[in-house]
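Visitor: Take these sequences, add in the hints, and give me the full structure.
One letter stands for each residue in the lines below.
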Amino acid sequence: MIHLAKRVILQTLNDKRSVMMIFIAPLFALTLIYFLLGDSDYTATVGINKNAMPAPLVTELKAQDLKVIYVSNDDFQHPKQYLKDHLDVDAIFTISENASVNIIMYEPSKKSAKALSEIQKALSSLNPSAKINMSYVYGAQDNSTFESLGYVFLGLFAFLLVFIISGMALVRERSGGTLERLMMTPIKRGEVILGYTLGYGVFAIIQAILIVFYSFYVLNLHSIGNIGWIVVAMVLLAITAVSFGAMISVFSTSELQVVQLIPFTIIPQVFFSGLIPLDLIPYHLGNLCYLMPVFYGVEAIKRVMVYGGGFLQIWGYLFGLIGYTFILYILNTLALKKFRKL
Amino acid sequence: MDIKISNVSKSFEKKEVIKDITFTIPSGEICCLLGPSGSGKTTLIRLMIGAIAADTGHIQLANIKMPNLKMLKKIGYMPQNDALYDDLSAESNLRFFGGLYQLSKSKLEQRVKEVLELVDLTEHRKKLIRNFSGGMKKRLSLAASILHQPDVLFLDEPTVGIDPVLRRTIWDQFQEIKKSGTTIIVSTHVMDEVTECDKAALIYNGSLIEYDSVEKLLKKTNTGRVEELFLMASSRGGVVK
Ligand SMILES: Nc1ncnc2c1ncn2[C@@H]1O[C@H](COP(=O)(O)OP(=O)(O)O)[C@@H](O)[C@H]1O
Ligand SMILES: [Mg+2]
Numbered sequence: 001m002i003h004l005a006k007r008v009i010l011q012t013l014n015d016k017r018s019v020m021m022i023f024i025a026p027l028f029a030l031t032l033i034y035f036l037l038g039d040s041d042y043t044a045t046v047g048i049n050k051n052a053m054p055a056p057l058v059t060e061l062k063a064q065d066l067k068v069i070y071v072s073n074d075d076f077q078h079p080k081q082y083l084k085d086h087l088d089v090d091a092i093f094t095i096s097e098n099a100s101v102n103i104i105m106y107e108p109s110k111k112s113a114k115a116l117s118e119i120q121k122a123l124s125s126l127n128p129s130a131k132i133n134m135s136y137v138y139g140a141q142d143n144s145t146f147e148s149l150g151y152v153f154l155g156l157f158a159f160l161l162v163f164i165i166s167g168m169a170l171v172r173e174r175s176g177g178t179l180e181r182l183m184m185t186p187i188k189r190g191e192v193i194l195g196y197t198l199g200y201g202v203f204a205i206i207q208a209i210l211i212v213f214y215s216f217y218v219l220n221l222h223s224i225g226n227i228g229w230i231v232v233a234m235v236l237l238a239i240t241a242v243s244f245g246a247m248i249s250v251f252s253t254s255e256l257q258v259v260q261l262i263p264f265t266i267i268p269q270v271f272f273s274g275l276i277p278l279d280l281i282p283y284h285l286g287n288l289c290y291l292m293p294v295f296y297g298v299e300a301i302k303r304v305m306v307y308g309g310g311f312l313q314i315w316g317y318l319f320g321l322i323g324y325t326f327i328l329y330i331l332n333t334l335a336l337k338k339f340r341k342l
Numbered sequence: 001m002d003i004k005i006s007n008v009s010k011s012f013e014k015k016e017v018i019k020d021i022t023f024t025i026p027s028g029e030i031c032c033l034l035g036p037s038g039s040g041k042t043t044l045i046r047l048m049i050g051a052i053a054a055d056t057g058h059i060q061l062a063n064i065k066m067p068n069l070k071m072l073k074k075i076g077y078m079p080q081n082d083a084l085y086d087d088l089s090a091e092s093n094l095r096f097f098g099g100l101y102q103l104s105k106s107k108l109e110q111r112v113k114e115v116l117e118l119v120d121l122t123e124h125r126k127k128l129i130r131n132f133s134g135g136m137k138k139r140l141s142l143a144a145s146i147l148h149q150p151d152v153l154f155l156d157e158p159t160v161g162i163d164p165v166l167r168r169t170i171w172d173q174f175q176e177i178k179k180s181g182t183t184i185i186v187s188t189h190v191m192d193e194v195t196e197c198d199k200a201a202l203i204y205n206g207s208l209i210e211y212d213s214v215e216k217l218l219k220k221t222n223t224g225r226v227e228e229l230f231l232m233a234s235s236r237g238g239v240v241k
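Protein chains in written order, with the UniProt record's numbering: chain A, 1 to 342; chain B, 1 to 241.
Treat the hints with care, since some could be wrong.
[To be verified] Here are the computed lysine-lysine pairs in the DSS-like style, where the Cα-Cα straight-line distance is at most 27 Å:
hint: 1; chain 1: A; residue 1: Lys341; chain 2: B; residue 2: Lys14
hint: 2; chain 1: B; residue 1: Lys15; chain 2: B; residue 2: Lys4
hint: 3; chain 1: A; residue 1: Lys338; chain 2: B; residue 2: Lys14
hint: 4; chain 1: B; residue 1: Lys73; chain 2: A; residue 2: Lys338
hint: 5; chain 1: A; residue 1: Lys341; chain 2: B; residue 2: Lys15
hint: 6; chain 1: A; residue 1: Lys337; chain 2: B; residue 2: Lys73
hint: 7; chain 1: B; residue 1: Lys4; chain 2: A; residue 2: Lys338
hint: 8; chain 1: A; residue 1: Lys16; chain 2: B; residue 2: Lys137
hint: 9; chain 1: B; residue 1: Lys70; chain 2: A; residue 2: Lys338
hint: 10; chain 1: A; residue 1: Lys6; chain 2: B; residue 2: Lys70
hint: 11; chain 1: B; residue 1: Lys126; chain 2: A; residue 2: Lys6
hint: 12; chain 1: B; residue 1: Lys74; chain 2: A; residue 2: Lys6
hint: 13; chain 1: A; residue 1: Lys6; chain 2: B; residue 2: Lys127
hint: 14; chain 1: B; residue 1: Lys65; chain 2: A; residue 2: Lys338
hint: 15; chain 1: B; residue 1: Lys107; chain 2: A; residue 2: Lys188
hint: 16; chain 1: A; residue 1: Lys337; chain 2: B; residue 2: Lys4
hint: 17; chain 1: A; residue 1: Lys341; chain 2: B; residue 2: Lys73
hint: 18; chain 1: B; residue 1: Lys65; chain 2: A; residue 2: Lys341
hint: 19; chain 1: A; residue 1: Lys6; chain 2: B; residue 2: Lys105
hint: 20; chain 1: A; residue 1: Lys188; chain 2: B; residue 2: Lys73
[What the hints assert, rightly or not] Only part of the chain B face toward chain A is listed, based on derived beta-carbon distances under 7 Å:
hint: 21; residue: Tyr77
hint: 22; residue: Asn81
hint: 23; residue: Ala83
hint: 24; residue: Asp87
hint: 25; residue: Ser92
hint: 26; residue: Phe96
hint: 27; residue: Gly99
[As the list claims (entries may be wrong)] Pulled from the structure, derived: some chain A residues nowhere near chain B, Cβ distances all over 10 Å:
hint: 28; residue: Lys6
hint: 29; residue: Met21
hint: 30; residue: Lys80
hint: 31; residue: Tyr82
hint: 32; residue: Pro108
hint: 33; residue: Leu116
hint: 34; residue: Asp142
hint: 35; residue: Thr145
hint: 36; residue: Thr178
hint: 37; residue: Leu219
hint: 38; residue: Ile266
hint: 39; residue: Leu288
hint: 40; residue: Gln313
Hint data in this document are derived by calculation from the structure and do not stem from the laboratory.
We put the beta carbon where it would ideally sit given N, CA and C, even for glycine.
Guide: The following block contains the structure:
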């Protein structure tokens with residue numbers, strides 16, 4: 001078992017692409033996400049008809065983080081056409097005679113949402129009774145998407161890369177015939193799976209520490225709880241990923257087939273990782289999350305990072321991962337019977 | 001360690017690949033499984049070592065029914081493909097496979113050194129396998145199968161793709177290994193190699209068509225070449241079909 005773990009470590013270290021994939025790829029992807037989903041200082045552009053709008057409101061609009069432009073009467077007749085022709089304008093804002101407010105936007109997007117919220121601010125400052133004060137128990141309104149969903153990405157990357165690397169390595173071992181050779185030595189079936197888990201476990205630990213330090217100290221993600229528990233959850237998740245990869249390799253005879261199985265293995269995990277709020281998924285399909293190892297990891301990370309929980313708040317999820325790994329270990333050991341009855 | 005194969009049959013996807021084969025390989029000899037490509041040599045070897053289970057019949061090694069976990073220690077197996085780890089050096093490959101036999105550290109190092117010398121790869125021991133030539137891989141694969149000094153050695157087409165000079169040295173090595181008391185079962189489709197062996201089992205379409213000492217087999221032919229025996233079998237088979 002120790003021999004196998006040692007071999008896995010040595011083998012991975014000798015393959016630069018695997019090393020890059022485990023250590024560099026998650027940092028690269030997180031950086032990319034940081035820039036894509038980070039704070040944007042985008043200023044929305046709103047078109048108004050100066051003559052049909054009360055002067056105080058115009059002043060208020062201008063006081064907001066908005067670019068206000070004046071649109072001619074003619075264009076106001078066909079606001080949708082105007083927006084199609086002027087893609088730099090995010091919204092057309094009018095007040096009709098009966099004082100009802102019309103806002104026409106190009107498409108539901110973050111830019112439109114930004115225009116909308118700034119218009120709302122302008123309206124409420126004119127009419128204090130319509131002012132809404134928002135606050136959250138956890139998190140803050142001005143959190144960027146990266147900050148409020150960061151925990152999902154920590155979990156996803158901890159799982160995905162180790163899953164792919166270990167699954168591929170095991171499939172290669174099968175197709176290259178080394179597995180048959182291995183099974184013709186006195187090694188026990190369980191030891192094969194344990195050795196693999198141990199070997200990749202070492203990489204999982206280093207990877208989790210690397211990701212956590214990079215996210216919290218370089219990308220300025222914040223955690224209320226102790227980040228040690230985040231590392232623990234990520235390592236357990238990565239260890240589950242090794243067993244999951246081993247399971248997939250049972251159903252694949254080539255590396256190409258591992259890739260072909262991605263729609264069944266990785267994509268559901270991404271959907272149920274918490275990227276989409278599970279309560280909003282119809283027909284109680286959200287409950288399927290309990291089948292996805294990523295869910296347990298991400299939920300544990302969220303509870304530490306966002307809710308400030310500790311072991312007592314996350315032990316259920318951690319044991320969920322351990323249970324998952326244990327069941328996969330049993331199944332994988334049985335699956336190896338295909339190569340040797342004993 | 002006699003190897004007793006009794007009424008063994010094996011089918012893959014309803015196609016019978018091994019058809020009711022029975023024979024016994026005595027201890028300490030080199031027995032060659034001779035047959036054209038696709039005749040079932042690899043399948044027969046995998047049945048003998050217990051990598052796959054027979055549909056009917058059974059296989060005994062030294063009167064112990066296979067597959068058997070304890071017997072695996074006494075078996076060496078060199079698969080038809082090289083089955084080595086591309087991302088490891090020659091030395092690391094050997095250390096890994098040797099380690100699985102629970103050799104002590106000093107014994108393991110000593111054996112690694114010995115087998116590397118035997119297959120003439122000492123100077124390449126630190127090279128990664130992905131930079132090895134086909135012939136070097138074959139030799140290292142052989143080295144990996146004899147590390148733990150097995151009592152029975154199964155070699156599946158060990159000389160395919162190897163130049164004649166190297167083939168000669170490899171056969172010399174087999175003779176050396178035999179002298180140390182190891183039983184060797186070697187498969188080949190090169191008819192000439194039969195003269196290197198003590199016994200030969202001729203496999204054709206999954207059936208054992210001849211099994212005898214090489215001397216006696218050659219006497220059955222007019223020209224002294226084993227091909228004849230296969231041609232006879234194929235004309236017989238042609239009539240049946
Ligand atoms: N795992 C397998 N699944 C299906 N068919 C197989 C399998 N292994 C071998 N065969 C078939 O069994 C026959 C004998 O193969 P093999 O034992 O490899 O022959 P040889 O080693 O003599 O070239 C071939 O027709 C081959 O296609
Ligand atoms: Mg073969």
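Visitor: Please go over all the hints and tell whether each is borne out by the structure.
Guide: Structure-based check of all given hints:
1. A:Lys341 to B:Lys14: Satisfied, since the Cα-Cα distance of roughly 21 Å is no more than 27 Å.
2. B:Lys15 to B:Lys4: Roughly 24 Å separates the two Cα atoms, so the pair holds.
3. A:Lys338 to B:Lys14: Status holds; Cα separation ~18 Å.
4. B:Lys73 to A:Lys338: Satisfied, since the Cα-Cα distance of roughly 20 Å is no more than 27 Å.
5. A:Lys341 to B:Lys15: holds, 22 Å
6. A:Lys337 to B:Lys73: holds, 18 Å
7. B:Lys4 to A:Lys338: holds, 24 Å
8. A:Lys16 to B:Lys137: Distance ~22 Å between lysine 16 (chain A) and lysine 137 (chain B) Cα, so the pair holds.
9. B:Lys70 to A:Lys338: holds, 19 Å
10. A:Lys6 to B:Lys70: holds, 24 Å
11. B:Lys126 to A:Lys6: Measuring from Cα to Cα gives roughly 17 Å; hence the hint holds.
12. B:Lys74 to A:Lys6: holds, 24 Å
13. A:Lys6 to B:Lys127: holds, 18 Å
14. B:Lys65 to A:Lys338: Satisfied, since the Cα-Cα distance of roughly 19 Å is no more than 27 Å.
15. B:Lys107 to A:Lys188: holds, 22 Å
16. A:Lys337 to B:Lys4: OK: lysine 337 (chain A) and lysine 4 (chain B) at ~24 Å, within 27 Å.
17. A:Lys341 to B:Lys73: holds, 16 Å
18. B:Lys65 to A:Lys341: Measuring from Cα to Cα gives roughly 13 Å; hence the hint holds.
19. A:Lys6 to B:Lys105: holds, 15 Å
20. A:Lys188 to B:Lys73: Judged against 27 Å, a Cα distance of about 12 Å means the pair holds.
21. Tyr77: holds, 5 Å
22. Asn81: holds, 5 Å
23. Ala83: holds, 4 Å
24. Asp87: holds, 4 Å
25. Ser92: Result: holds, 6 Å to nearest chain A Cβ.
26. Phe96: holds, 5 Å
27. Gly99: Since chain A brings a Cβ to about 4 Å from glycine 99 (chain B), closer than 7 Å, the hint holds.
28. Lys6: violated, 8 Å
29. Met21: At about 14 Å from chain B, methionine 21 (chain A) clears the 10 Å cut-off, so the statement holds.
30. Lys80: Lysine 80 (chain A) is indeed farther than 10 Å from all Cβ atoms of chain B, at 60 Å.
31. Tyr82: Correct as stated: the minimum Cβ-Cβ distance to chain B is 62 Å, above 10 Å.
32. Pro108: holds, 49 Å
33. Leu116: The claim stands: leucine 116 (chain A) keeps its Cβ more than 10 Å from every Cβ of chain B (closest is about 55 Å).
34. Asp142: At about 48 Å from chain B, aspartate 142 (chain A) clears the 10 Å cut-off, so the statement holds.
35. Thr145: holds, 39 Å
36. Thr178: Answer for threonine 178 (chain A): violated, closest chain B Cβ roughly 5 Å.
37. Leu219: Consistent with the label, leucine 219 (chain A) stays out of reach of chain B, its closest Cβ about 32 Å off (over 10 Å).
38. Ile266: holds, 24 Å
39. Leu288: holds, 35 Å
40. Gln313: holds, 42 Å
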